[in-house]
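Engineer: Spelled out from the first residue to the last, the chains are:
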Amino acid sequence: MASEASMHFTSAQTARQQATDNQSRSILLDVRDLVRTFGGLRAVDGCSFTVARGSITGLIGPNGAGKSTAANLITGFIRADSGSILFDGRDIVSMPPHRIAQLGLTRTFQITRELEHMTVLENLLAAPHNQLGESFWLGLFAPPAVRRQEEEYLQRALQLLRDFDLYALRDEYAGNLSGGQRRLLELARVVMTQPKLLLLDEPFAGVNPVLAGRLSDYIETLCQEQGITFLIIEHNLSIVERLCNTVIVMALGRTIAEGTMAELRENQAVVDAYLGES
Amino acid sequence: MPPIIFYLLTLATFAAIYGTLVIGLNIQWGYAGILDFMYIAFVAVGGYVTSLLMMPPATPGMGETYILGLNWPFIPAIIAGGLCASLLALLVGLVSLNRLRSDYFAIVTVAAGLILWTIAGNDTPLVNGWDGISGIPQPFANALNLDINSYGFFFLGLCLVILILVYIFAERLYRSPFGRALRCVREDEMVAQGLGKNVFVLRMKAFVIGAFIAGIGGALLVTYVDAFNPSAWTSGETFFLWAALLLGGSANNRGAMLGALLVPVLFAEATRFLPTFNSSPQLVDAIRYIAIGILLLLTIRFRPQGIIAEPRFRVPRRLFHRIGTNLPVAVAANSTRPTIVAEEEKTDGK
Amino acid sequence: MQTLNLLLLSAGFGVITASILAIAAVGLSLQFGVTNYINFAYGDLLTFGIYVAFVCNQRLGLTIWVGLLAAIILTALLAWLLNLFILQPFADRGNSPIIMLVVTLGVSLILQNVILAVFGSQFQNYAVNTGRPLHLGPFLFTPLQLSIIGLAIVAMVGVHVLLRYTRLGRAMRAVSDSPELARVSGINTRFIINAVWVLTGALAGLSGVVLALNVASFTPTVGYGFLFVIFAAVILGGIGRPYGAMAGALIVGIATEMSAAFISSEYKDAIAFVILIIALLIRPQGIFASRGRA
Chain W
1 MASEASMHFT SAQTARQQAT DNQSRSILLD VRDLVRTFGG LRAVDGCSFT
51 VARGSITGLI GPNGAGKSTA ANLITGFIRA DSGSILFDGR DIVSMPPHRI
101 AQLGLTRTFQ ITRELEHMTV LENLLAAPHN QLGESFWLGL FAPPAVRRQE
151 EEYLQRALQL LRDFDLYALR DEYAGNLSGG QRRLLELARV VMTQPKLLLL
201 DEPFAGVNPV LAGRLSDYIE TLCQEQGITF LIIEHNLSIV ERLCNTVIVM
251 ALGRTIAEGT MAELRENQAV VDAYLGES
Chain L
279 MPPIIFYLLT LATFAAIYGT LVIGLNIQWG YAGILDFMYI AFVAVGGYVT
329 SLLMMPPATP GMGETYILGL NWPFIPAIIA GGLCASLLAL LVGLVSLNRL
379 RSDYFAIVTV AAGLILWTIA GNDTPLVNGW DGISGIPQPF ANALNLDINS
429 YGFFFLGLCL VILILVYIFA ERLYRSPFGR ALRCVREDEM VAQGLGKNVF
479 VLRMKAFVIG AFIAGIGGAL LVTYVDAFNP SAWTSGETFF LWAALLLGGS
529 ANNRGAMLGA LLVPVLFAEA TRFLPTFNSS PQLVDAIRYI AIGILLLLTI
579 RFRPQGIIAE PRFRVPRRLF HRIGTNLPVA VAANSTRPTI VAEEEKTDGK
Chain V
629 MQTLNLLLLS AGFGVITASI LAIAAVGLSL QFGVTNYINF AYGDLLTFGI
679 YVAFVCNQRL GLTIWVGLLA AIILTALLAW LLNLFILQPF ADRGNSPIIM
729 LVVTLGVSLI LQNVILAVFG SQFQNYAVNT GRPLHLGPFL FTPLQLSIIG
779 LAIVAMVGVH VLLRYTRLGR AMRAVSDSPE LARVSGINTR FIINAVWVLT
829 GALAGLSGVV LALNVASFTP TVGYGFLFVI FAAVILGGIG RPYGAMAGAL
879 IVGIATEMSA AFISSEYKDA IAFVILIIAL LIRPQGIFAS RGRA
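Residue numbers (this note's numbering), protein chains in the order written: chain W, 1 to 278; chain L, 279 to 628; chain V, 629 to 922.
The following block holds chain W by itself, in its conformation from the complex (with noise of 0.2 Å):
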């Protein structure tokens, strides 16, 4: 029919509108109208929000607001029911996982999961994609390239865990780390992804004051250094005030509000939803 072609059509038209307008107006994640329903329950009713590039996005909300169901969405552990995804003007929302990965988004889980029965540099070692040494093979025959590949990986690596104080650590095995160590692991595994995106799950929970203290540190730093951009799912309000430029935050599946901490204060709804309660 006509009428569903030239909606067809639009619909086209503005995935293209939009993607021209974030990369002019550096937004690096636009997440437009998620739903994801399970069962009978809508966890994700309409999720919109958009990160901008270079910034410290937080991500906040009560227990049960799909948070954490959205950053599955969004990194491609699960598929979303309709809306759309861009990511750098790409359309991302059917795409399996390590495709998402590999063009730049990664992420960090709730419980940490360290590759257990591989050293701390093993772990860093097998981080990044694409390398020329995972086909087959490169892999056997192992030319040059590969080898050059593999020694800028490791200086690489060695470098990442003196910055974040893991050298030590390095041939031991990362399940013996505690669980301090393995939080600074996992940030330091998913940098040496060199990221575009950096979705972090929940990195603070359960951590004492002093690695809370160093994680933000770090993550200010990578921001600033290395132009990583961070959307950070978090509950613990002072930290996320002290580290995000701007706050997302969630309620019964959707996004309630978008905006500095300060102005989200200020907002009836957020205080109702979750301001309050805390």
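The set of hints was computed from the structure by calculation and includes no laboratory data. In this text, a Cβ means the ideal position worked out from N, Cα and C, and glycines have one as well.
Derived list of chain L stretches under chain V, where covered just means 3 residues or more per stretch with a C-beta under 8 Å from a C-beta of chain V: (1) 376 to 382; (2) 387 to 396; (3) 575 to 589.
Anything over 12 Å on all C-beta distances counts as not near chain W; from chain L, calculated: (4) Leu346; (5) Leu369; (6) Gly407; (7) Trp408; (8) Leu434; (9) Leu436.
Once you've looked at the hints, dock chains L and V against the given chain W.
Structural biologist: Structure of chains L and V alone, referenced to chain W:
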């Protein structure tokens, strides 16, 4: 040749062949974490295909329908055997590896193996059913024209050469970024995806490569024994190889070879010398399997990493120095390998 | 007409197979629902029951029905002991489902071969009178086969009553649905798990004996061989769903018997394996589930 030498020769040959087989299984399980209970079917495919390709035309009137009469030389035949096994793995993997979690995939492999076994046994024209094939030409026999004794040594040498090649291949693979990516998939599939690894493709590759080696080993096995029927490749045989790998040491090839030496060879052969009770030889077989079962349980309980544990990764000293690091010296890590931690125990730092 | 009769006849045989299968499948489904690992030793529990009844019947000269009772009780006991001393300790150490699978494999090897060592590998049978076949419409059943079907119905009704109307049964369902929630609600999950193993063992023993009665002669590997047919029924019906398992058993039983009318009967089992593979690939959560679990 004195009988004792002959006996040792036989043991050594079996050890070499089983070593090859267990290394192949190691690539699937140790490297990639794939639980494959139809491994013996890949061995069988390799054995059947190689033999059928090598067999000369049948004497007319013998009624052996399975003989193709192609008379291939050994090397193309064994490669074809490996490739056919890989092809089977490709089929099974394409259909099921992506969709199922590991233990369900294991069930599919058992079922697939059983189906193949049933077909092989009942569809007589295919590979002569339950009676199996025999009269398989010996590799290089015509070219070398050796007497029986010398040929025995030659064949052992052939098996050792192949074992060494397979070992070097497997070791290179392990140390390469490809091997590292496989282990990443083995450790944590979600993390691997989050790091941009295509889990399905990597698993498929490990599955197919392991099957190829199984086919090679199968070719050696069948040409050595010169007779092959379905009773030689029941699903119980896969568990023998499994026990060998788990006991010897998963994820490392020296452990695989050690396991191959201990379980199928020493264990199986040593129990041959048990006094045959007034009962049947089946009693000895049964006791053998009971012991394997107990061994399996004890290994998982007390030494899950196997006798030779997976080696810890360390940067080669030369490479380390070449990078020219003046970074501080590391604390020597002599810690133990972490054991499996239950999900609930993973807490965050204090 | 000939074909129709043949089909109906084999459908009748399918019902018998389905009856045997249903008892076993419900047992396995319940156990899997509660423990979350696949039990490769389940088939050998059937074999154990078969040989308990064999000892009673052929060695002690008792009737097969006493043997049946003994099989149920002793297999239940064995299952409980296996869990208590071997399986639960391994599970408590946080082993993954894959490792647990290998553990059950080890148990299976031991169990099967102990029976083999004691009884030998020759075919055995029960001393029982099957009775003359009766024509019931297009179907052909012996009185023995009818009692098998009867036993299955009794067992299914018993399980149904247990699950739906007793506290124990409701607790079992709770633990199967969500162990954490059950624990938090004050249910002693440890006790329930053991209770499920007892029930599983009892069903396995019963199923084994009726299996042996139907196939007439058996060896120590008969249970293990039947295991994958049981898996087919369980997967088809949905893991942890006992009612689904009953339906799955009906489908698998009738499908295998009816297919045997067209292709050689040696491939009967292979049909079950094909069903198993297809079920795992297309609908691993079973035909009755509303959302995926596998």
